[in-house]
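*Asks:* Now for the letters of each chain:
Number of protein chains: 2
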Amino acid sequence: MADPLKDSLTGAEALVATLADNGVTACFANPGTSEMHLVTALDGEPRIRSVLCLFEGVATGAADGYARVSGTPAMTLLHLGAGYLNAGANIHNAGRANTPMINVIGDHAVPHLQYDAPLTSDIAGLAGPNSLWLKSADKVEETGALASEAYAASFGPKPGPVSLLLPADSAWLEGGVKGDVVQAPSLNQVSETDIKAAAEAIAKASNPVIIINGTALSEPGLQAAARLKTAGVRILTDTFYAKMRRGAGVFAPERMQYFAEGAMADLEGSDLMILAGTSAPVAFFSYPGKPSLLVPEGCDVLELGDASTDSAQSLTALADEMDASEAAPVESLIEPDAPSGDLTAQSVGQSLARHMPENALVSDDGVSNGLLSYLPTQNARAHDWMMLTGGAIGQGMPLALGASLAAPDRKVICLSGDGAGMYTNQALWSMAREGADVTTIVFVNHSYRILNIELYRTGAGNPGPTAKNMLSIGGPDIDWVQLSTSMGVPAVEATTAEEFDAALADAIAAPGPRLIAAVVPG
Amino acid sequence: MADPLKDSLTGAEALVATLADNGVTACFANPGTSEMHLVTALDGEPRIRSVLCLFEGVATGAADGYARVSGTPAMTLLHLGAGYLNAGANIHNAGRANTPMINVIGDHAVPHLQYDAPLTSDIAGLAGPNSLWLKSADKVEETGALASEAYAASFGPKPGPVSLLLPADSAWLEGGVKGDVVQAPSLNQVSETDIKAAAEAIAKASNPVIIINGTALSEPGLQAAARLKTAGVRILTDTFYAKMRRGAGVFAPERMQYFAEGAMADLEGSDLMILAGTSAPVAFFSYPGKPSLLVPEGCDVLELGDASTDSAQSLTALADEMDASEAAPVESLIEPDAPSGDLTAQSVGQSLARHMPENALVSDDGVSNGLLSYLPTQNARAHDWMMLTGGAIGQGMPLALGASLAAPDRKVICLSGDGAGMYTNQALWSMAREGADVTTIVFVNHSYRILNIELYRTGAGNPGPTAKNMLSIGGPDIDWVQLSTSMGVPAVEATTAEEFDAALADAIAAPGPRLIAAVVPG
Chain G
1 MADPLKDSLT GAEALVATLA DNGVTACFAN PGTSEMHLVT ALDGEPRIRS
51 VLCLFEGVAT GAADGYARVS GTPAMTLLHL GAGYLNAGAN IHNAGRANTP
101 MINVIGDHAV PHLQYDAPLT SDIAGLAGPN SLWLKSADKV EETGALASEA
151 YAASFGPKPG PVSLLLPADS AWLEGGVKGD VVQAPSLNQV SETDIKAAAE
201 AIAKASNPVI IINGTALSEP GLQAAARLKT AGVRILTDTF YAKMRRGAGV
251 FAPERMQYFA EGAMADLEGS DLMILAGTSA PVAFFSYPGK PSLLVPEGCD
301 VLELGDASTD SAQSLTALAD EMDASEAAPV ESLIEPDAPS GDLTAQSVGQ
351 SLARHMPENA LVSDDGVSNG LLSYLPTQNA RAHDWMMLTG GAIGQGMPLA
401 LGASLAAPDR KVICLSGDGA GMYTNQALWS MAREGADVTT IVFVNHSYRI
451 LNIELYRTGA GNPGPTAKNM LSIGGPDIDW VQLSTSMGVP AVEATTAEEF
501 DAALADAIAA PGPRLIAAVV PG
Chain L
1 MADPLKDSLT GAEALVATLA DNGVTACFAN PGTSEMHLVT ALDGEPRIRS
51 VLCLFEGVAT GAADGYARVS GTPAMTLLHL GAGYLNAGAN IHNAGRANTP
101 MINVIGDHAV PHLQYDAPLT SDIAGLAGPN SLWLKSADKV EETGALASEA
151 YAASFGPKPG PVSLLLPADS AWLEGGVKGD VVQAPSLNQV SETDIKAAAE
201 AIAKASNPVI IINGTALSEP GLQAAARLKT AGVRILTDTF YAKMRRGAGV
251 FAPERMQYFA EGAMADLEGS DLMILAGTSA PVAFFSYPGK PSLLVPEGCD
301 VLELGDASTD SAQSLTALAD EMDASEAAPV ESLIEPDAPS GDLTAQSVGQ
351 SLARHMPENA LVSDDGVSNG LLSYLPTQNA RAHDWMMLTG GAIGQGMPLA
401 LGASLAAPDR KVICLSGDGA GMYTNQALWS MAREGADVTT IVFVNHSYRI
451 LNIELYRTGA GNPGPTAKNM LSIGGPDIDW VQLSTSMGVP AVEATTAEEF
501 DAALADAIAA PGPRLIAAVV PG
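These protein sequences, in sequence, are chains G and L.
FYI, in the numbering used here the residues of the first sequence are 1 to 522.
FYI, in the numbering used here the residues of the second sequence are 1 to 522.
Please note: incorrect hints may appear among the correct ones.
What the hints assert, rightly or not - List time: in silico EDC-like cross-link candidates among lysine to aspartate or glutamate, alpha-carbon distance up to 20 Å: (1) Lys290(L) x Asp116(G); (2) Lys158(L) x Asp122(G); (3) Lys290(G) x Glu254(L); (4) Lys468(L) x Glu434(G); (5) Lys468(L) x Glu45(G); (6) Lys158(G) x Asp116(L); (7) Lys290(L) x Asp138(G); (8) Lys290(L) x Glu174(G); (9) Lys468(G) x Glu45(L); (10) Lys158(G) x Asp122(L); (11) Lys139(L) x Asp180(L); (12) Lys290(G) x Glu174(L).
Claimed, not checked - Partial pick of chain L residues on the chain G-facing surface, computed with a CB cut under 10 Å: (13) Leu38; (14) Leu52; (15) Leu54; (16) Asn86; (17) Gly128; (18) Trp133; (19) Asp169; (20) Asp180; (21) Ala248; (22) Ser279; (23) Ala280; (24) Phe285; (25) Ser292; (26) Leu455; (27) Ala460.
FYI, nobody ran anything at the bench for these hints, they're computed from the structure.
All C-beta atoms, glycine included, are put in the ideal place defined by N, C-alpha and C.
If we strip away everything but chain G, and leave its shape as in the complex, we get:
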């Protein structure tokens, strides 16, 4: 809070106080000289927890995780255009997860910009493409009002990252005015007409399928989905989603396959595809001679709202309209036996199913090992699973950090590929500093394994030594135990299923960050 003895707020103080008034409780920061007044404004604001990140991509990944769990956008503090660029890949990912996020980007003082000092760049140009909303607070008296506007804009109705540029003079000058506490826009609701039309289409179809995402993946949404399932509708989630409730006591929908040919084979015969909280499924990448759009020929597509829509409400209304009263069964709790032998992604999943406590949060950036760990946890204790939705690997550990700070009483499990983890390994340091209760599992195969698969799928030919080198991250092998302990996170390596199972039990029992280097086949 600003110093009560002072007559006036600085622009930075007005901005920070406005965000706090609106319910923002965390700032993930990597400041520079132009943000010093923001730093001292945060210093005086006890309602916002300021978390230093040693690389900006950690800050935005953490803000994403924080908002996915708390429902409230976090603020980030970024240092000019260069800071925005470092932050950018996880802003892209947050956009694809429809996560609200308020990126506050420091800039030079307005009169300084004309001189093109070394750190000057076209921040609005750089940040524009991945910002739902972007404005620059070029006058000190605007900082509060624009903070309110940024907060509301981040909720959409299709939520996402917004950019608020703060020139240094607007931060340091007095004359700041707090902005209003604003009502954030809610998700859209589907009209009764559209619900009736969907029910009628389903009644006429032989093989209807609903692809669901967004709030449909919450417990109420999945309950409605279970009713629709009993009424004869196939329920599929997108391959990647921001967060889903799963495990014992929860209805488990099917998940669309990642590889396009698998998804297409799987959807074959569907004559009606309803989209609830998502858009028509497309191949993640393009491949020579393969289709992009994953809708079978002759299948009607009916849109029941995209990511700007409250899809849980859509499904509930649809189930009501269809008088679908009986729900398909929920998953029961099954604790698998302790796995033994070679350590694989599947045995990792088995151990997770054994040891994950009730209400755990999972951050999945496991790339080629993610799915095999995912499947065995379907009957674990109830939990939330969060995924990389934007395809820019290096999100898992930052997301886990932010999720943990949003819910300090929940255990967070992070699954990361070794290639993915290297992008943002600095997240480990912030986990250690903040005492984040995160168990990170790194799948160590010394390889961009997914690319070894994709090399063949794209028909790019037989890899020679150079190509093999570009897809291998061995030679030298990274020692993840050393890497983790160098940043203050205790770590162990596991090379067998038994070792991993014991290490996971230990890590989950211990509060605070831990890392397990899970050596799996390459």
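Once you've looked at the hints, dock chain L against the given chain G.
*Replies:* Quick look at chain L alone, frame taken from chain G:
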């Protein structure tokens, strides 16, 4: 080289062969699925050394170092918009260093773009602000011609990074056509009229100063500067420059101070400022109540060409015009005594002056410790000093990697702050894989020390616990020895000047990468 038995080149093969024909010899890469055909094209091109980087900012920092030393742009291989964003801060830095660089950015196949798959982004929008030139090779038959165009465009005449977008179908389709071997544009030459005008202005001035950068910092440029100095002209370099020859046998100009108030005090009394290879000096950041432009009142400014100009030629022509035949003395070789006692940036500099071999390359991202290490090396064996010019820290280790691969017979010394080093620590892994002959010195003070200074200079007030936490990177302290060895680079810690001196002698004697964690006061 493309398979001679094949009738036709793929677009990727045509692109890669064209760059190789034009003299590009290195590609710093972080590929994804959409770049698989580029990977196999590189596989078949023995003239280009492909270097995997585990984070894209390492790739572009290395490309910058490669070009600063070799004079030839390197190619980078980046994965869509997200890869560009990760690469972006060191592209910004390369732009500010006027380094030619060819960023090849993979994109989805053109027909796939309309479906807005998860990794789709407005790459042209993101990359535009920091690209001298940007085109997308949307047709396979264009890839070679656009590669030629990109190569030439990277030379300017003001050199810098260019962006060539390569949709996956343009890469995989056959029908690629190699582009021409092109003549890269040269730097501009200043006209005789401008030289005469400068000579006349100097003759009339009482306290003329020339601010130099660019090719003026080469040995011939500095020779001309030494002649001008004897003729009564003060010679100052910019605070930060891409590369300068210095040490024994070389004329040492003064260097402009970083802090604006120091620079202004120092320039006081100058009545003529000539700019050669640079633009008028400005404060790096803006501060309340302080000027941005560092030109004393009443001082005339005369532009003798900016970064697009061959400033070595300008200085030589000016010295000739002024009949300045006698050159100021060059530096003599002084080997300091072994330092003792507490380890400081200054004693690090002393040890460098003792042990740096002839013709070493220094990559300086030492932030608050850079200058104190710089000064004692003025009388070391002749070497080239390279600096961070764009202000986005995290360039030092990548730059050293690229410099070393461009000149494998020269020892590279990298000076990095610990905060700076954390941004792109993945560079260590590529140094280990490539056997790069780099000795990295990390100044370990567990602090963003420069920001502790800037907090006071900006008048942002007394730091409370939150602010202190935002400027400290201790708690936990990073163990740089572990971090380095985790990625395959042998490392030691030095806590006294004696320890450091011995460690440096060892590291320099050993070929290949080494790291010294130099614990200095915070």
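*Asks:* For lysine 139(L) and aspartate 180(L), compute the direct alpha-carbon distance and say whether it is at most 20 Å.
*Replies:* Given pair lysine 139(L), aspartate 180(L) holds - Cα atoms ~17 Å apart, limit 20 Å.
*Asks:* Can we keep the serine 279(L) interface hint, with Cβ of chain G closer than 10 Å?
*Replies:* holds, 7 Å
*Asks:* Less than 10 Å between beta-carbons is the criterion; does leucine 455(L) satisfy it with respect to chain G?
*Replies:* holds, 5 Å
*Asks:* Would you check whether alanine 248(L) satisfies its interface hint, that is, whether its CB is within less than 10 Å of any CB in chain G?
*Replies:* Since chain G brings no Cβ nearer than about 30 Å to alanine 248(L), farther than 10 Å, the hint is violated.
*Asks:* Need the status of pair lysine 290(L), aspartate 138(G): alpha-carbon distance at most 20 Å?
*Replies:* holds, 19 Å
*Asks:* Hint check: is the beta carbon of leucine 54(L) less than 10 Å from a beta carbon of chain G?
*Replies:* holds, 4 Å
*Asks:* Against the 20 Å threshold, does the CA-CA distance of lysine 158(L) and aspartate 122(G) hold or violate the hint?
*Replies:* holds, 19 Å
*Asks:* Hint check: lysine 290(G) vs glutamate 174(L), CA-CA at most 20 Å. Holds or violated?
*Replies:* holds, 17 Å
*Asks:* Holds or violated: alanine 280(L) as interface residue toward chain G, Cβ cutoff 10 Å?
*Replies:* Check passed: Cβ of alanine 280(L) comes within 8 Å of chain G, closer than 10 Å.
*Asks:* Is it true that the CA of lysine 290(L) sits at most 20 Å from the CA of glutamate 174(G)?
*Replies:* holds, 17 Å
*Asks:* Per the CB criterion, is aspartate 180(L) less than 10 Å away from chain G?
*Replies:* violated, 25 Å
*Asks:* Is the hinted pair lysine 468(G) and glutamate 45(L) satisfied, with a Cα-Cα distance of at most 20 Å?
*Replies:* holds, 14 Å
Violated hints, in rising order: 3, 18, 20 and 21; the structure is consistent with all others.
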